[in-house]
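Engineer: Chains as they are written, first to last, in the numbering used here: chain A, 1 to 566; chain B, 1 to 566.
The hints are simulated quantities; they were obtained by calculation from the structure and are not laboratory data. Treat the hints with care, as some may be off.
To be verified - Calculated lysine to any residue pairs in the SDA-like style (CA-CA distance at most 20 Å, straight line): (1) Lys6(A) x Thr507(B); (2) Lys294(B) x Leu258(A); (3) Lys5(B) x Gly202(A); (4) Lys519(B) x Thr507(B); (5) Lys6(A) x Glu183(B); (6) Lys294(B) x Gly32(A); (7) Lys2(A) x Lys294(B); (8) Lys6(B) x Gly202(A); (9) Lys6(B) x Lys5(A); (10) Lys519(B) x Gln477(B); (11) Lys22(B) x Gly202(A); (12) Lys294(B) x Asn256(A); (13) Lys6(A) x Asn25(A); (14) Lys6(A) x Gly442(B); (15) Lys5(A) x Thr149(B); (16) Lys2(A) x Asp255(B); (17) Lys294(B) x Val254(A); (18) Lys5(B) x Gly177(A); (19) Lys6(A) x Ser189(B); (20) Lys2(B) x Gln187(A); (21) Lys294(A) x Arg230(B); (22) Lys6(B) x Gly177(A); (23) Lys522(B) x Asp273(B); (24) Lys5(A) x Thr201(B); (25) Lys6(A) x Val180(B); (26) Lys5(B) x Lys5(A); (27) Lys294(B) x Asp257(A); (28) Lys5(A) x Thr507(B); (29) Lys5(A) x Ser189(B); (30) Lys2(A) x Glu183(B); (31) Lys5(A) x Thr172(B); (32) Lys2(A) x Gly177(B).
What the hints assert, rightly or not - Computed spacing ranges between beta-carbons, pair by pair: (33) Pro36(B) x Pro364(A): 41 to 49 Å; (34) Leu35(A) x Glu564(B): 36 to 44 Å; (35) Arg161(A) x Asn123(B): 34 to 42 Å.
Where is the CB? At the ideal position from N, CA and C, for every residue including glycine.
Letter by letter, the chains look like this.
Protein chains: 2
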Amino acid sequence: MKNPKKLIEVATGREVADLVFKNANVVNVFTGEILPADVAVSDGWIAGVGQYSGKQEIDCTDKYLCPGFIDAHLHIESTMVLPAELVRMVLPSGTTTMIVDPHEIVNVCGAQGMQFMLNASENLPCNLYFMLPSSVPATPFETAGADFTAADMAPFVGHPRVLGLGEVMCFTDVVGGGDVILEKLAQLSPRPVDGHAPGLTGKSLQAYAAAGVKTEHEGTTFAEALEKARAGLAILVREGSAAHNLAAIVGGLVDNDLPTNRFMFCTDDKHLDDIARDGHIRWNVKLAIELGMKPVNAIRMASWNAAVEYGLADVGAIAPGYKADIVLLSSLKQVEIDAVYKDGIEARQALQNIPAFDAEKAQPRVMQSVKAPKVTAEMLALPVNGKTDVIDMVPYQLVTNHLREEVPTQNGLFVPNETYTKLCVVERHGKNGNLVVAPLKGYGIVGGALATSVAHDSHNIIAAGDNDADIAKAINQLSKIGGGYVLVKNGAIAGQVPLPVAGLMSTAPATEVERATHKIIKKASAMGIPYYVDPFISLSFLALPVIPSIRLTDKGLFNVDTFELI
Amino acid sequence: MKNPKKLIEVATGREVADLVFKNANVVNVFTGEILPADVAVSDGWIAGVGQYSGKQEIDCTDKYLCPGFIDAHLHIESTMVLPAELVRMVLPSGTTTMIVDPHEIVNVCGAQGMQFMLNASENLPCNLYFMLPSSVPATPFETAGADFTAADMAPFVGHPRVLGLGEVMCFTDVVGGGDVILEKLAQLSPRPVDGHAPGLTGKSLQAYAAAGVKTEHEGTTFAEALEKARAGLAILVREGSAAHNLAAIVGGLVDNDLPTNRFMFCTDDKHLDDIARDGHIRWNVKLAIELGMKPVNAIRMASWNAAVEYGLADVGAIAPGYKADIVLLSSLKQVEIDAVYKDGIEARQALQNIPAFDAEKAQPRVMQSVKAPKVTAEMLALPVNGKTDVIDMVPYQLVTNHLREEVPTQNGLFVPNETYTKLCVVERHGKNGNLVVAPLKGYGIVGGALATSVAHDSHNIIAAGDNDADIAKAINQLSKIGGGYVLVKNGAIAGQVPLPVAGLMSTAPATEVERATHKIIKKASAMGIPYYVDPFISLSFLALPVIPSIRLTDKGLFNVDTFELI
Numbered sequence: 001m002k003n004p005k006k007l008i009e010v011a012t013g014r015e016v017a018d019l020v021f022k023n024a025n026v027v028n029v030f031t032g033e034i035l036p037a038d039v040a041v042s043d044g045w046i047a048g049v050g051q052y053s054g055k056q057e058i059d060c061t062d063k064y065l066c067p068g069f070i071d072a073h074l075h076i077e078s079t080m081v082l083p084a085e086l087v088r089m090v091l092p093s094g095t096t097t098m099i100v101d102p103h104e105i106v107n108v109c110g111a112q113g114m115q116f117m118l119n120a121s122e123n124l125p126c127n128l129y130f131m132l133p134s135s136v137p138a139t140p141f142e143t144a145g146a147d148f149t150a151a152d153m154a155p156f157v158g159h160p161r162v163l164g165l166g167e168v169m170c171f172t173d174v175v176g177g178g179d180v181i182l183e184k185l186a187q188l189s190p191r192p193v194d195g196h197a198p199g200l201t202g203k204s205l206q207a208y209a210a211a212g213v214k215t216e217h218e219g220t221t222f223a224e225a226l227e228k229a230r231a232g233l234a235i236l237v238r239e240g241s242a243a244h245n246l247a248a249i250v251g252g253l254v255d256n257d258l259p260t261n262r263f264m265f266c267t268d269d270k271h272l273d274d275i276a277r278d279g280h281i282r283w284n285v286k287l288a289i290e291l292g293m294k295p296v297n298a299i300r301m302a303s304w305n306a307a308v309e310y311g312l313a314d315v316g317a318i319a320p321g322y323k324a325d326i327v328l329l330s331s332l333k334q335v336e337i338d339a340v341y342k343d344g345i346e347a348r349q350a351l352q353n354i355p356a357f358d359a360e361k362a363q364p365r366v367m368q369s370v371k372a373p374k375v376t377a378e379m380l381a382l383p384v385n386g387k388t389d390v391i392d393m394v395p396y397q398l399v400t401n402h403l404r405e406e407v408p409t410q411n412g413l414f415v416p417n418e419t420y421t422k423l424c425v426v427e428r429h430g431k432n433g434n435l436v437v438a439p440l441k442g443y444g445i446v447g448g449a450l451a452t453s454v455a456h457d458s459h460n461i462i463a464a465g466d467n468d469a470d471i472a473k474a475i476n477q478l479s480k481i482g483g484g485y486v487l488v489k490n491g492a493i494a495g496q497v498p499l500p501v502a503g504l505m506s507t508a509p510a511t512e513v514e515r516a517t518h519k520i521i522k523k524a525s526a527m528g529i530p531y532y533v534d535p536f537i538s539l540s541f542l543a544l545p546v547i548p549s550i551r552l553t554d555k556g557l558f559n560v561d562t563f564e565l566i
Numbered sequence: 001m002k003n004p005k006k007l008i009e010v011a012t013g014r015e016v017a018d019l020v021f022k023n024a025n026v027v028n029v030f031t032g033e034i035l036p037a038d039v040a041v042s043d044g045w046i047a048g049v050g051q052y053s054g055k056q057e058i059d060c061t062d063k064y065l066c067p068g069f070i071d072a073h074l075h076i077e078s079t080m081v082l083p084a085e086l087v088r089m090v091l092p093s094g095t096t097t098m099i100v101d102p103h104e105i106v107n108v109c110g111a112q113g114m115q116f117m118l119n120a121s122e123n124l125p126c127n128l129y130f131m132l133p134s135s136v137p138a139t140p141f142e143t144a145g146a147d148f149t150a151a152d153m154a155p156f157v158g159h160p161r162v163l164g165l166g167e168v169m170c171f172t173d174v175v176g177g178g179d180v181i182l183e184k185l186a187q188l189s190p191r192p193v194d195g196h197a198p199g200l201t202g203k204s205l206q207a208y209a210a211a212g213v214k215t216e217h218e219g220t221t222f223a224e225a226l227e228k229a230r231a232g233l234a235i236l237v238r239e240g241s242a243a244h245n246l247a248a249i250v251g252g253l254v255d256n257d258l259p260t261n262r263f264m265f266c267t268d269d270k271h272l273d274d275i276a277r278d279g280h281i282r283w284n285v286k287l288a289i290e291l292g293m294k295p296v297n298a299i300r301m302a303s304w305n306a307a308v309e310y311g312l313a314d315v316g317a318i319a320p321g322y323k324a325d326i327v328l329l330s331s332l333k334q335v336e337i338d339a340v341y342k343d344g345i346e347a348r349q350a351l352q353n354i355p356a357f358d359a360e361k362a363q364p365r366v367m368q369s370v371k372a373p374k375v376t377a378e379m380l381a382l383p384v385n386g387k388t389d390v391i392d393m394v395p396y397q398l399v400t401n402h403l404r405e406e407v408p409t410q411n412g413l414f415v416p417n418e419t420y421t422k423l424c425v426v427e428r429h430g431k432n433g434n435l436v437v438a439p440l441k442g443y444g445i446v447g448g449a450l451a452t453s454v455a456h457d458s459h460n461i462i463a464a465g466d467n468d469a470d471i472a473k474a475i476n477q478l479s480k481i482g483g484g485y486v487l488v489k490n491g492a493i494a495g496q497v498p499l500p501v502a503g504l505m506s507t508a509p510a511t512e513v514e515r516a517t518h519k520i521i522k523k524a525s526a527m528g529i530p531y532y533v534d535p536f537i538s539l540s541f542l543a544l545p546v547i548p549s550i551r552l553t554d555k556g557l558f559n560v561d562t563f564e565l566i
């Protein structure tokens, strides 16, 4: 808790600071300058910038102090670890604030998922703020675990760490004036509202902005980002594991010398291995500087700009009255991190105080979320007659082609081989036990199957294999471990990563999860899957009925182009 | 009320707009560009920017559209007219939003003054937001009409048009860690808090910022403004009737090519005649452009920057979902105003709908605020013996010199002449009837007296004259008319401007008040007062115990340098 009286005493010099960063080059986000100064910290808050002495002093000669970085939009579930474990990964690279959209867990567990994430992010050495998922269920074309209506949101609206409405993915509903989403927008207005409207342009974009959407992170070209910025949307420049939008957008900003104050950074979805290698928002800053952006502007995008947009009063600047969330850089241009301080405590020390996860305290609905029927090989039979619908994966892209082809059969039933894989989706929220099957091309698995409970947006079980016995075994094993990743090879469990939290997140340490994931992917890849296809993540997107052209949900094959079940 | 569903219909083109500004050059505050477009308006809100048709269309070829201007800080009482009348004056020059600090009326009437201002500013064609006066009473060295404590503020904190805490003038209390002001800061935190700390620098400034103060408008040099900006305070660049800070601060911004997004405009105190001649915030924009600032940046300072700082969600930009508060310029560089639209309604038409002031509905405490004792000439006797304390006015400045001089006497009593005026302050809040007298040099009135109930900050009656009979007559007449300006010449009332609202504001139309004020000043000036001294406003500041070196409050002579009563 901030104690202004104490800060005043320290700022005036009447009391000695706990900690002083001496002789630093301080990035001033307000004036865009870098100024030599000491920074005095008291009880985790910045008391003053000037000339100060402290009980502890850190010599920062030739180093740079900048505000802790803010990730303006991410889904923690995509990292497959709990908030505490993600904090362990991102804090050392300078991220001290994250604005989280728990869209995945809420799709599985509804309000209990929201509450779980709030609980699981308390008292961490990182400021975790939340947006309320706006689009749950995402579509009526699959069975989600829960609804999250305006009424469900109501109890969370007043929570001090809830900022606004999460990414409004149902942009066609907004542009169409749909009542369900407008009710949610009205409930949160005039708080921050995140957008998600890839390619939206012209009058539809104007309508989307008029509805009250305030940010966008789906711009992939500079022209798209610029049109959205002109319409009043703050632009979250995304650089994650799958989406790499930074070069286009920052490049455009630099080339056109446009003001940057309505631009900020996010990762959206960034996996543990990428975070471990490059760091988190630090990577966005570094890339922006490499593209020719002034370092101070890149740092403002990573701090102050996001704080302003999301109404965060006490982060994003190194100035009196702000949290002592500080990144110490040994190189400004390379964004080389010397140390990170959260609330004035050095990261390694701050991370030691994180309590272990207590499954006993978690909501049962969150910890026992996989309620799929027991699957037998016989249930996976797919009768075909002549040409049939085939999902064709496109290398390096999330889009798929919709093929009509003849597939191998025996006794009128589809028989997978090294070209045609059997793809299967099983409803796993205990609602109807839907089970559907379709042929998949471009995946190539031979001699086994894998299954995962991570499958956007409804996170039913999705499995793929070249024989029914192994597919059934993988699905049943997944149910047994409460969700996660399972790999079956020649009738035996060859690997698994349990994700018992909503079937989406592990309770293990991040380093363990990273290692286990790496191992199972390596094993799966050796079974014929092309090197450019991530065996599990590619499956996770094959059920997502918003990316063209054809998907498989628990309700059947879905034609995204005509937006209807086949 | 905004109707997003309707806006969506109009934005998409499914419904026709009420009003479209066709072929305009639109100032885009987000990207800093000027872009050709139509702007579609529906029910007073902007639905879309692009290509639109409307029931009514206004051709804007070769003209510029920019967001309505925001005055980020002003005291309406200084204009001596009611909010509605000020709106009549400022709207035609483009001001569509004002952030008002009703410090003066609250010093006289406390919470009832606050409530009065909220009532009197309802349903006007201008967005009037309020800051809760933080420093009432301003000092213990004079008798104010009311306290306005944290408890008094509480009922107003949730009001939709109350934004935060008004200018924290008691900066020495803040830096000293005083509990009374810290309680008020805590109550409003983390909302906007305006500062007022002329000359505050170094560690004291850091302490002031650490306490939670967020803006400052008292910077008179660029160096002062820059230090404050670096400390995190948003800078309100003031250009009013008395204070002219724009050239210094904007000049510095231009010369140093600093980012402008933490800078905005205010008038603080600007009188009707100056508004009538130059316009309101429009004048700040024009001066800034003349100083070499990019027009788009000057307009951003006058709109978006202030909206962001004060958390105003729906003003400050021409974009979908924002209020149709629009200024149409025929010249961008000259800021020549072609027309102004408030909520999509042209200013002249919008101003016709203002209801007349209804004194019956006003709080009695506001309408009968002058409760001074009846004053006789005998009560004004000032015994002196040898050298005595004299207030010496300094030409063109608000500061005074503290002299010790012999003054003319008769029978041991001070006798004013053309050099030594008799200055008198009478407590008028009905609390103690204090009456004090002192010699004043540099005012020069001959053959009469004037009195006013406008006397910062406690607004007791202050009077000055060269004979006791006329002084007493002026004071008593002031009581009779419930406050205002009174001029007595050779024993007869020579002029008066009644200000019955708290003794500070007239109920008459702005043009009448301006005319009457001009007339009485002209008459008073003809009575020996130097041309460079405003007869009434100069008196208004002679009781203000925060400007060096010597003042007269109802408790006696006050030495500002030692901060004690003499």
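Engineer: For the pair we were handed, Lys5(A) and Thr201(B), check the Cα-Cα distance against 20 Å.
Structural biologist: Cα-Cα ~19 Å, so holds.
Engineer: Lys22(B) and Gly202(A) were given as a pair; does the straight-line alpha-carbon distance stay at or below 20 Å?
Structural biologist: Satisfied, since the Cα-Cα distance of roughly 17 Å is no more than 20 Å.
Engineer: What's the verdict on Lys6(A) and Glu183(B), does the C-alpha distance respect the 20 Å limit or exceed it?
Structural biologist: Distance of about 14 Å is within 20 Å: holds.
Engineer: Quickly compare the C-alpha distance for Lys6(B) and Lys5(A) to 20 Å and report which way the hint goes.
Structural biologist: Violated: Lys6(B) and Lys5(A) sit about 49 Å apart, past 20 Å.
Engineer: Need the status of pair Lys2(A), Glu183(B): alpha-carbon distance at most 20 Å?
Structural biologist: holds (13 Å)
Engineer: Can you confirm whether the C-alpha distance between Lys294(B) and Gly32(A) stays at or below 20 Å?
Structural biologist: holds (18 Å)
Engineer: Does Asp255(B) sit within 20 Å of Lys2(A), going by the straight-line distance between their CA atoms?
Structural biologist: violated (38 Å)
Engineer: With the threshold set at 20 Å, check whether the alpha-carbon distance from Lys6(A) to Asn25(A) stays at or below it.
Structural biologist: Outside the cut-off at roughly 25 Å; violated.
Engineer: Is 34 to 42 Å respected by the C-beta to C-beta distance linking Arg161(A) and Asn123(B)?
Structural biologist: Given a distance of about 37 Å, which is inside 34 to 42 Å, the answer is holds.
Engineer: Are Lys294(B) and Asn256(A) close enough, with their CA atoms no more than 20 Å apart?
Structural biologist: holds (16 Å)
Engineer: Holds or violated: Lys5(A) with Ser189(B), Cα cutoff 20 Å?
Structural biologist: holds (14 Å)
Engineer: Can you confirm whether the C-alpha distance between Lys6(A) and Val180(B) stays at or below 20 Å?
Structural biologist: Measuring from Cα to Cα gives roughly 15 Å; hence the hint holds.
Checked against the numbered hints given earlier, this structure breaks hints 1, 7, 9, 13, 14, 16, 26, 28, 33; the rest are met.
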